[in-house]
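Go ahead and model the full structure; you've got the sequences and the hints to work with.
First to last, the sequence lines map onto chains A and B.
In this text, residue positions in the first sequence follow our numbering: the first is 1, and each later residue adds one.
In this text, residue positions in the second sequence follow our numbering: the first is 1, and each later residue adds one.
Calculated from the structure, these hints are not laboratory results.
Bear in mind the structure is a predicted one, so any value in this text is a computation, not a measurement.
Certain hints may be false.
Claimed, not checked - Incomplete in silico selection of chain B near chain A, CB under 7 Å: (1) G14; (2) P160; (3) L176; (4) L178; (5) V179; (6) P180; (7) E187; (8) L192.
Unchecked claim - Every beta carbon over 10 Å from chain B, so not counted as near; a handful from chain A, in silico: (9) M1; (10) E32; (11) F40; (12) E44; (13) A55; (14) T95; (15) E130; (16) D132; (17) E153; (18) R155; (19) R168; (20) E187.
The C-beta atom is built at its ideal place from N, Cα and C for all residues, glycine as well.
Protein chains: 2
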Amino acid sequence: MSKVTCDIGMSLDGFVAGPNQSLENPLGEGAEECLHRWMFEEPEAHAEVIKGITAAGAYIMGRNMFSPGRGAWDLDWTGWWGDEPPYHAPVFVLTHHPREPVTMKGGTVFNFVTDGIESALERAREAAGERDVSVAGGAHTVNQYLAAGLLDELRLHVAPVVLGAGERLFVDVGDLDLVPVGMSGTELVSHLTYRVR
Amino acid sequence: MSKVTCDIGMSLDGFVAGPNQSLENPLGEGAEECLHRWMFEEPEAHAEVIKGITAAGAYIMGRNMFSPGRGAWDLDWTGWWGDEPPYHAPVFVLTHHPREPVTMKGGTVFNFVTDGIESALERAREAAGERDVSVAGGAHTVNQYLAAGLLDELRLHVAPVVLGAGERLFVDVGDLDLVPVGMSGTELVSHLTYRVR
Numbered sequence: 001m002s003k004v005t006c007d008i009g010m011s012l013d014g015f016v017a018g019p020n021q022s023l024e025n026p027l028g029e030g031a032e033e034c035l036h037r038w039m040f041e042e043p044e045a046h047a048e049v050i051k052g053i054t055a056a057g058a059y060i061m062g063r064n065m066f067s068p069g070r071g072a073w074d075l076d077w078t079g080w081w082g083d084e085p086p087y088h089a090p091v092f093v094l095t096h097h098p099r100e101p102v103t104m105k106g107g108t109v110f111n112f113v114t115d116g117i118e119s120a121l122e123r124a125r126e127a128a129g130e131r132d133v134s135v136a137g138g139a140h141t142v143n144q145y146l147a148a149g150l151l152d153e154l155r156l157h158v159a160p161v162v163l164g165a166g167e168r169l170f171v172d173v174g175d176l177d178l179v180p181v182g183m184s185g186t187e188l189v190s191h192l193t194y195r196v197r
Numbered sequence: 001m002s003k004v005t006c007d008i009g010m011s012l013d014g015f016v017a018g019p020n021q022s023l024e025n026p027l028g029e030g031a032e033e034c035l036h037r038w039m040f041e042e043p044e045a046h047a048e049v050i051k052g053i054t055a056a057g058a059y060i061m062g063r064n065m066f067s068p069g070r071g072a073w074d075l076d077w078t079g080w081w082g083d084e085p086p087y088h089a090p091v092f093v094l095t096h097h098p099r100e101p102v103t104m105k106g107g108t109v110f111n112f113v114t115d116g117i118e119s120a121l122e123r124a125r126e127a128a129g130e131r132d133v134s135v136a137g138g139a140h141t142v143n144q145y146l147a148a149g150l151l152d153e154l155r156l157h158v159a160p161v162v163l164g165a166g167e168r169l170f171v172d173v174g175d176l177d178l179v180p181v182g183m184s185g186t187e188l189v190s191h192l193t194y195r196v197r
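Written as structure tokens, this is what we have:
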């Protein structure tokens, strides 16, 4: 059966985004270059890991990961990723604001789900078929899925940095029963995979 | 040259001790059994790691790691570890209260240092000779040494648990330049070693 996975970059002090997220700094101050350096500087060394991240048949993300700020909902906004987002699959965006699906180049379709995380998962499972569903972020969305016991595999990509502030993973997730099932890494990142029981 | 090391058990959400530390729960509620299970249940699987922890020629610890509570200084108190503590070496306890050294069975001598972390390190280095100095904890003490740039190697023993509250590592440590230099583990713990540049 297909799994529900989550790949997320985290600092050693537990932040998956820095403080003061904005249009200029979608991941918050100082976070993008710290947390994801390994992806840009060493793509070949992490080819298997990156393949795993992009293998899902559908993705789920929070509204804050999809669009800037927490203010008005801009119907011209089609995400941070340009005309051809890297998902190449249906993406289900959790939001309180209904919106028609947006089809991008390369197979990414943004669908907007207003009736909660379980409904989003159900739709994503259906869209993914035999393939995995990936919860893409951000912190709050991953924490909701962890708290609800809906994740099967958590893949932390721990950068050897301390951010000091920002959005934390593992907030209000309750008791988790996690089993380490894999580790690898380089000087820029430690990949730690956990099965969620 | 000998190194200044730190071995510390940490939860996935960054806590090295649980909330409400007390005489009954020196590591705080729920922390001892979660964070250090691997030591008690799988000592053979982690023999090399445990050897590394106990190899130091001198140890430094905070006053809160040495004695219960934050109240009166009890001259009869000789630590949590019984007559023969596992250090078998000089231990330098950071405190504001002067006290004569206490010699225990098996080579552990508790020395009380009232003039700060640099003085404690100087005395520990002298006592350790060719061997490493280990900063044993707790969180606040390790954070002070990290912030001051005095640690050479940080060895995190990350248990696959979420504590949700307690004493955090990496608080107010400023910018750290950490390089992962080793990883190993089992289902109970991931050992992550970082060189501090």
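Against the structure, the hints come out as follows:
The interface hint given for G14(B) holds, since its Cβ lies 4 Å from the closest Cβ of chain A, which is under the 7 Å cut-off. Hint status for P160(B) relative to chain A: holds, with the closest Cβ pair at about 4 Å, below 7 Å. Here the hint on L176(B) is kept, as its CB sits about 5 Å from the closest CB of chain A, short of 7 Å. The closest approach between the C-beta of L178(B) and any C-beta of chain A is roughly 4 Å, which is under the 7 Å cut-off, so the hint is satisfied.
At about 5 Å, the closest approach between the beta carbon of V179(B) and any beta carbon in chain A falls short of 7 Å, and the interface hint on this residue holds. For the restraint placing P180(B) at the interface with chain A, the shortest Cβ-Cβ distance is roughly 5 Å, inside the 7 Å limit, so the hint holds. Interface hint at E187(B): satisfied, since its Cβ lies 5 Å from the closest Cβ of chain A, which is below the 7 Å cut-off. At a threshold of 7 Å, the smallest CB-CB gap from L192(B) to chain A is about 6 Å, leaving the interface hint in force.
At roughly 22 Å from the closest C-beta of chain B, the C-beta of M1(A) stays outside 10 Å, upholding its exclusion from the interface. The Cβ of E32(A) sits about 16 Å from the closest Cβ of chain B, beyond the 10 Å cut-off, so the non-interface label holds. A cut-off of 10 Å between C-beta atoms confirms that F40(A) is not in contact with chain B; the least separation is 18 Å. Separation of E44(A) from chain B is adequate, the least Cβ-Cβ distance of about 18 Å exceeding the 10 Å criterion.
No Cβ of chain B approaches the Cβ of A55(A) within 10 Å, the least distance being about 24 Å, so the stated non-interface status holds. Distance to chain B confirms T95(A) as a non-interface residue, since its nearest Cβ pair spans about 27 Å, more than 10 Å. The beta carbon of E130(A) sits about 28 Å from the closest Cβ of chain B, which is more than 10 Å, so the claim that it is off the interface holds. Against chain B, the non-interface label of D132(A) holds: every CB pair exceeds 10 Å, the least being about 21 Å.
Every CB of chain B lies more than 10 Å from the CB of E153(A), the least distance being 13 Å, so the non-interface label holds. Listed as a non-interface residue, R155(A) keeps its Cβ farther than 10 Å from every Cβ of chain B; the least gap is roughly 13 Å. Not every C-beta of chain B lies more than 10 Å from that of R168(A), the closest at about 8 Å, which undercuts listing it as non-interface. Annotated as non-interface, E187(A) brings its C-beta within 10 Å of a C-beta of chain B; the closest such distance is 5 Å.
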